[in-house]
Amino acid sequence: MSTALDKVFERTRAENRAALIAYIPAGFPSQSGCAKAIQALAAAGVDAIEIGFPYSDPVMDGPTIQEAAEISLKGGTNAADVFAALKTASATGVAAVVMTYWNPIERYGVDAFAQAIADNGGSGVITPDLTIEESGRWLAATTKNEINPIYVVAPSTADARLVEVTSKTGGFVYAASVMGVTGARSNISVDASQLVARVRKGTKLPIAVGLGVSTRTQAKEVAAYADGVIVGSAFIKLLLNAKSEQEGLDAISQLAQELALGVREGR
Amino acid sequence: MTIQTSDLLGHFGQYGGRFVPEALIGALNELEAAHIAAQSDPVFQAELAELHRTYSGRPSIITEAKRFSEYAGGARIILKREDLNHTGSHKINNVLGQALLTKKMGKKRIIAETGAGQHGVASATAAALMGLECVVYMGEEDTRRQALNVARMKLLGAEVVPVTSGSRTLKDAINEAMRDWVTNVATTHYLLGTVAGPHPFPTMVRDFHKIIGQEARAQVLELTGKLPDAVLACVGGGSNAIGIFHEFIPDANVRLIGLEAGGDGVETGRHAATITGGSPGVLHGTRSYVLQDENGQTVESHSISAGLDYPGVGPEHAYLHDIGRAEYRAINDDAAMAAFALLCKTEGIIPAIETAHALAGALVVGNELGPDATLLINLSGRGDKDVQTAADYFGIPL
Chain E
1 MSTALDKVFE RTRAENRAAL IAYIPAGFPS QSGCAKAIQA LAAAGVDAIE
51 IGFPYSDPVM DGPTIQEAAE ISLKGGTNAA DVFAALKTAS ATGVAAVVMT
101 YWNPIERYGV DAFAQAIADN GGSGVITPDL TIEESGRWLA ATTKNEINPI
151 YVVAPSTADA RLVEVTSKTG GFVYAASVMG VTGARSNISV DASQLVARVR
201 KGTKLPIAVG LGVSTRTQAK EVAAYADGVI VGSAFIKLLL NAKSEQEGLD
251 AISQLAQELA LGVREGR
Chain Y
1001 MTIQTSDLLG HFGQYGGRFV PEALIGALNE LEAAHIAAQS DPVFQAELAE
1051 LHRTYSGRPS IITEAKRFSE YAGGARIILK REDLNHTGSH KINNVLGQAL
1101 LTKKMGKKRI IAETGAGQHG VASATAAALM GLECVVYMGE EDTRRQALNV
1151 ARMKLLGAEV VPVTSGSRTL KDAINEAMRD WVTNVATTHY LLGTVAGPHP
1201 FPTMVRDFHK IIGQEARAQV LELTGKLPDA VLACVGGGSN AIGIFHEFIP
1251 DANVRLIGLE AGGDGVETGR HAATITGGSP GVLHGTRSYV LQDENGQTVE
1301 SHSISAGLDY PGVGPEHAYL HDIGRAEYRA INDDAAMAAF ALLCKTEGII
1351 PAIETAHALA GALVVGNELG PDATLLINLS GRGDKDVQTA ADYFGIPL
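Respectively, the protein sequence lines represent chains E and Y. Take 1 as the starting number for the first sequence in the working numbering and just add one per residue. Take 1001 as the starting number for the second sequence in the working numbering and just add one per residue.
It cannot be assumed that every hint is accurate.
As the list claims (entries may be wrong) - Some chain E residues close to chain Y (C-beta under 8 Å, calculated; not the full set):
(1) 103
(2) 128
(3) 130
(4) 133
(5) 135
(6) 139
(7) 157
(8) 160
(9) 161
(10) 163
(11) 164
(12) 167
(13) 180
(14) 225
(15) 238
(16) 240
Said to hold, decoys possible - Which bits of chain E does chain Y cover? Going by a derived footprint, with three or more residues having C-beta under 8 Å, they are:
(17) 26-38
(18) 48-59
(19) 229-235
What the hints assert, rightly or not - Restraint ranges, calculated between C-beta atoms of paired labels, are given here:
(20) Y/1225 to E/111: 54 to 60 Å
(21) Y/1294 to E/31: 17 to 23 Å
(22) Y/1041 to E/67: 44 to 50 Å
(23) Y/1159 to E/63: 15 to 21 Å
(24) Y/1041 to E/15: 38 to 44 Å
Calculated from the structure, these hints are not laboratory results. Here a beta-carbon is modelled for each residue, glycine too, at the ideal position from N, C-alpha and C.
Given the sequences, and given the hints that come with them, work out the whole structure.
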């Protein structure tokens, strides 16, 4: 099997650059605003989009994504909205995945969720709080539905465990750049490059770095050693701070264009 | 009857396990190893026993509640007096154990969540005793409900961080503590206060509380010459209940009854009775019963008792429920407050409002079983912290 996401990394590797991956929660800043944001990001040159499933207890997220999730949930976002946003994203031609805490998947039905991802053009799912020990049913479902199970590893993950986790992973390995929650940071720690180097020793999968990237300079820096650069909170902050929806869309479009340049300047 | 309650990955049947960011796996493995080593380390066990004897005041006594029993169908009512422990509740048992483990692991900082403030006060106490830095996360709503305990924690040298996200109660305090832990895990131990969370917490916290049941079983046997017919305890996360239940699990004829917070009534949706009114799901790193909607979003809980106001419950309780070894019932706010007042006036003991749910359960079960029955109740905490709430409830002018 080869998903749209797999093909993105084949292409970016051929172009000798990193992929740009953008994160946006479903239903944020509104249902229609989210669809417009997805289209703006795709038009501005991102290679893949992660649709966040907003969750009531986002323990891995900093204040920016928490606020976005709260706004989205107040707007009544549910699983159907997540799948609709996924469909919007994949229809633009970029690779599209969902990022979600585990409980919404379990509640929806493990196999049904994987099937809905495939049915809506999704390539995979990032599950930041699903450990490989609890993944039996999920891996069976992702295999059956031919989508990528994407796991997150951290600077504290031991070498032996990196091998175990990446052996279950598909699409790309999500390397958390720092110990901590999501959110823009002024410095991407040296931990990130060291982590990527350690992950590489055990897998041939592409490795994308997330947590903290918000500028063209940082994207360039990370693109020097990683196969993908993930940006989330920086886009959300622009949408939160904008005085109007259009102003927010213009701002994320501009940032995405800059970041797209950044990921091409790294090597 | 012997029950294998946990495997190596911390499962209780389909419940328990670990649902956490990969960043925490190393720390959880380290904690599990430290806990296992401590269980068979005579030096650790002697240190902990000495703290129990000379600091928290163990063994706690049992008290026969003869006047209260008249309202419980004449059943013999025996109270296990965890309210007499230093800091006023069972919470100190777990806190002393985990604080000792923190030192063994070479960490200098602890963080804790608290609802009513009992666990926060106990954590601040242990941190002061052992020279550890302590930060307590507490929902902003709870800092108002339990202002006295906030002051106590500050006096004990802890930093109290009011949590303003989500529902601003215990569940959000846990979210914030987990975010701190993910960030500072190299230097910090998360001193979780109940038998929930990722493995090894449910097993470890139970192990530090099972002394309650070990003492009580021997004390009741000595007093009455037989085992009790039922053991009752209130259940929020479920630490005091597991503590008193665990030793009795093999005693198949002893009923184990957990009393959950029914709030305004389970049928109203405004409650914290997670097993009675919830469904299996994952929250805060473990699979158990959860109050959730059809999308898997956590639903806010409601209870007059801040300590039971939690939309999750320990995975071992979920398992004991499913296999039928323990039963769980809901007690509404009003029934709990009536039992609270009754214990004050019949026995001269002001219980915590959390504990009052177990007392209300004793009134029901005592009337069901009649005067030949003996009920053992975990009097898990004292009610000094609840005087303001009780005064408001009963209309006593302050």
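Here's how the hints hold up against the structure:
Taking 8 Å as the C-beta cut-off, the interface hint given for residue 103 of chain E holds, the closest approach to chain Y being about 4 Å. For residue 128 of chain E, the interface hint holds, since its Cβ comes within 8 Å of a Cβ in chain Y; the closest pair sits about 6 Å apart. For residue 130 of chain E, the interface hint holds, the least distance from its beta-carbon to any beta-carbon of chain Y being 6 Å, beneath 8 Å. With 8 Å as the threshold, the beta carbon of residue 133 of chain E comes within range of chain Y, its nearest partner Cβ sitting at about 5 Å, so the hint holds.
Against a cut-off of 8 Å between C-beta atoms, the interface hint on residue 135 of chain E is violated, since the closest Cβ of chain Y lies about 10 Å away. Nearest Cβ of chain Y to the Cβ of residue 139 of chain E: about 15 Å, over the 8 Å cut. The hint is violated. Taken as an interface hint, residue 157 of chain E checks out: its beta carbon lies about 5 Å from the nearest beta carbon of chain Y, inside 8 Å. The interface hint given for residue 160 of chain E is violated, since its Cβ lies 11 Å from the closest Cβ of chain Y, which is over the 8 Å cut-off.
With a cut of 8 Å, the hint placing residue 161 of chain E at the interface with chain Y holds, because the nearest CB-to-CB distance is about 7 Å. Interface hint at residue 163 of chain E: violated, since its Cβ lies 13 Å from the closest Cβ of chain Y, which is beyond the 8 Å cut-off. A cut of 8 Å between beta carbons decides the hint on residue 164 of chain E: the least distance to chain Y is about 10 Å, and the hint is violated. For residue 167 of chain E, the interface hint is violated, the least distance from its beta-carbon to any beta-carbon of chain Y being 14 Å, above 8 Å.
Checking residue 180 of chain E against chain Y by beta carbon gives a least distance of about 4 Å; that is within 8 Å, so the hint holds. With a least beta-carbon distance of about 20 Å to chain Y, the hint placing residue 225 of chain E at the interface is violated under the 8 Å criterion. For the restraint placing residue 238 of chain E at the interface with chain Y, the shortest Cβ-Cβ distance is roughly 21 Å, beyond the 8 Å limit, so the hint is violated. Against a cut-off of 8 Å between C-beta atoms, the interface hint on residue 240 of chain E is violated, since the closest Cβ of chain Y lies about 15 Å away.
Proximity of the stretch 26-38 of chain E to chain Y, defined as three or more residues with a beta carbon under 8 Å from a beta carbon of that chain, is not established by the 0 residues found. Coverage of the stretch 48-59 of chain E by chain Y holds in this model, with 5 residues showing a Cβ closer than 8 Å to a Cβ of that chain against a need of three. Three residues within the 8 Å Cβ limit are the bar, and the stretch 229-235 of chain E against chain Y gives 0, so the coverage statement is violated. Remark: the range hint 54 to 60 Å for residue 1225 of chain Y to residue 111 of chain E is upheld by a beta-carbon distance near 56 Å.
With their beta carbons about 18 Å apart, residue 1294 of chain Y and residue 31 of chain E fall inside the hinted range of 17 to 23 Å. Between residue 1041 of chain Y and residue 67 of chain E, the C-beta spacing of about 46 Å keeps the proposed range 44 to 50 Å intact. Separated by about 19 Å at the C-beta atoms, residue 1159 of chain Y and residue 63 of chain E satisfy the suggested range of 15 to 21 Å. The given range of 38 to 44 Å is broken by residue 1041 of chain Y and residue 15 of chain E, whose C-beta atoms sit roughly 58 Å from each other.
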